[in-house]
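Using the sequences and the accompanying hints, generate a full structural model.
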Amino acid sequence: MSHDETLKESLTRNGVSRRGFLKFCATAASIMALPPSMVPAIAAALESARRPSVIWLSFQECTGCAESLTRSHSPTVEGLIFDAISLDYQHTLQAAAGDAAEEAREEAMKENWGKYILVVDGSIPLGNPGYSTIAGISNLDMLKETAKGAAAIVAVGTCATFGGIPKANPNPTGAVSVSDIIKDKPIVNVSGCPPIPVVITGVLAHFLTFGTIPELDELGRPKVFYGNNIHDRCYRRPFYERGEFAETFDDEGAKKGWCLFKLGCKGPITYNACATAKWNEGTSFPIESGHGCLGCSEPNFWDMGGFYKALSQPAVDVSQTAAYALGAGAVAGLGIAALNRKKKADVATDHQTVTIHDLRRNDPSKTEAEDS
Amino acid sequence: MSEASLERGIAALKEQIDAPVAAFFSSCTHCGMCADACLFHTETGCPTYTPIYKVEPMRRLWEQEYTLLGRAKKALGLSKPITEEELEKWQSKVYNTCTLCGRCSMVCPVGNDITGMIRKMREGMSAGGFAPEGLIGASERAVEIGSPMGVRLPALKAQIKHAEKDTGLAIPMDVEGAEYLVLLSSMEIMNYPEYLHAITRIFHQAGKTWTLCSEAFEATNSGIQIGSSDIAAELVGRVVAAAEKLKVKTVISPECGHAYTAIRWEGPNLVHKEFGFKVQHILEVLDELRAEGLLKTEGIEEAKLTFHDPCQLVRRGGVVEQPRNLLDMIAPNFVEMEDSGVMNWCCGAGGGVSANEDADKVRNKAFNRKKKQLESLDIDVVVTACANCRIQLEDGLEINEMDIPILGLTEMLAEHLKEDKPVEEETS
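Protein chains in written order, with full-length UniProt numbering: chain A, 1 to 372; chain B, 1 to 428.
Only pairs whose alpha carbons sit at most 25 Å apart, straight line, appear in this in silico DSS-like list of lysine-lysine:
id, chain 1, residue 1, chain 2, residue 2
1, A, Lys343, B, Lys73
2, B, Lys14, A, Lys342
3, A, Lys342, B, Lys73
4, B, Lys73, A, Lys344
5, A, Lys278, A, Lys223
6, B, Lys80, A, Lys343
Everything labelled a hint here was simulated from the structure, so no lab data went into it.
Note that this is a predicted model, so its numbers are computed, not measured.
Next up, the structure:
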């Protein structure tokens, strides 16, 4: 594949019709929450865009992210756009190995210095460089070196964005995220374990169309995909509002598709597009399969106290504790009331009747007045 | 006999703190709305006259004695005990600048009966010897002579003689089995004898039997004003004994505000029993007579007039419609003043303030509120139904050089009384 071939040319070469291409542009516009008037602009930009060089580095990861993205293969447009970029280095996918592979990376860097997109999946171990190396180069060194010439960095997956599972307590490798190390480049965090394929293609489409990275939230995630939490967009939300919860995975509530909050669903604190974009070509998302959200696109999701522990469920039986507290309160209240009542009864018993002769104090001047 | 002391005062206060008081103190949000409801605050601008602040020593005592936190604060010396100096200082707040008018209780957003608490606060003040001299004197006269103004039976008899002569009707005294026992206030006996004339004629025309009682003719109750339930009970007890002895159906409270409160509302609680007779204010009786067709009038009052609602009658007593029904009979030019009815502003002299010389200055200042209300109306006559309001209105208007006559509603009705029945010479 030539770097000079435009996306349009590449798509045509791959047998994608004009209609299919515009459909992709419309989809890209809608997932990025752009107005329909932007569709021609996207189309024009993509048609003339030179396929950018992409260098993909994999560090401490499970290849799940790459699986997720590559599995959205042709004929979907997500797959096609991958054909449309120039993926110059991806050690899972590339045919080359050993020195040849590293040379491909170095060459791509040299040719596209300052223009290539660096995609990273996996976290970087700081504990000991030897924990994870590629061709004898530590992850940290490789990241620093490759990041230098990148136009932008896309951290894919929760490991690259927030440290992910390698960082989970007790974090034996001293894993950190890309943004913990690289401070001088624009970084887009596409979190998720793994992220939704359309999200990464959307970010790339945005970059190709506007030459910039999309607007990000406070965690560096594209707002168009991570602007809503799962709970707010969940089709089971009405059950939550009505207080109808599944208590176990095989009870009546679970069968009726009630809210999974009590079964530990992290939907209310998880920001991602699962409930709207869905997975597997728009088939479903985890809650639709009857399992609560794990919160995989949030930092430290592995250490949030357990996947099956409800977000706000107290550790002990509420009704029992409340009953004890009520009982204790009532006893204390009755005790205090009894004391107070006794005190009042005592003063009432000791009441000395006030007569007109008791209205003055033993004050000489006043006694005089009384006498007169 | 013993003498007043701080200890007795505090014991009396402790005795007064009951569940409603505890609830009131707990629920006060310090919003300050009661301040603007009190004419002593609005007319002086003095923040220490904020009604709820007038019971601050009682609040502290409640906290120290009846709450957990208060006990702890007291033990740690964070909450200071009540001192003699403090209660002496509080006298002006509790007595001079409160007429127990009840306006603060009306506006309290959490429903605290602040007036009721000030009434309770006075229990402690009077038992502790912190009541003002004027009220102590009035109480002594009320108990010993039978009238806070020192009016004795011979003085009443003299007035009865005049009234019988003027009306040509006999005024019954100590008549057993009469329907009504009529009470009077000393103020009416000495300053407004027209009242006695008026009811004599009205009852004659209505064909109702009534009587005065030589042993209990005084309706006012200094015990209520000074805030001593013991003394108040002694005074109410005399009326109850008289009513029971004469077997009357109804006791009539005269044109006086606090007398009505004393007999109608506090009375049964003071003597700890249900009355075997009814208690009504004279305006309630007159309105009943009107409804039954037993009170007929002729002619109308040409003057443009307004009605000053006495606080104890309207706000604390609920007698709102009756005076208006009665005025409708004779006063086509009747106009309401602003805030009339249950939210009417106090004249500034009730609740013992008029009997307390220490309060003279602030009382006149507080009258400004009434002055402003009256000024905005451009009226010829003010009508009211409380001798105490009436004398304050007369005083206040005179000081402010406003020439507006004040009339009692009962006597005004009597002036227009349609007299169908012949007046026989019944006097002996």
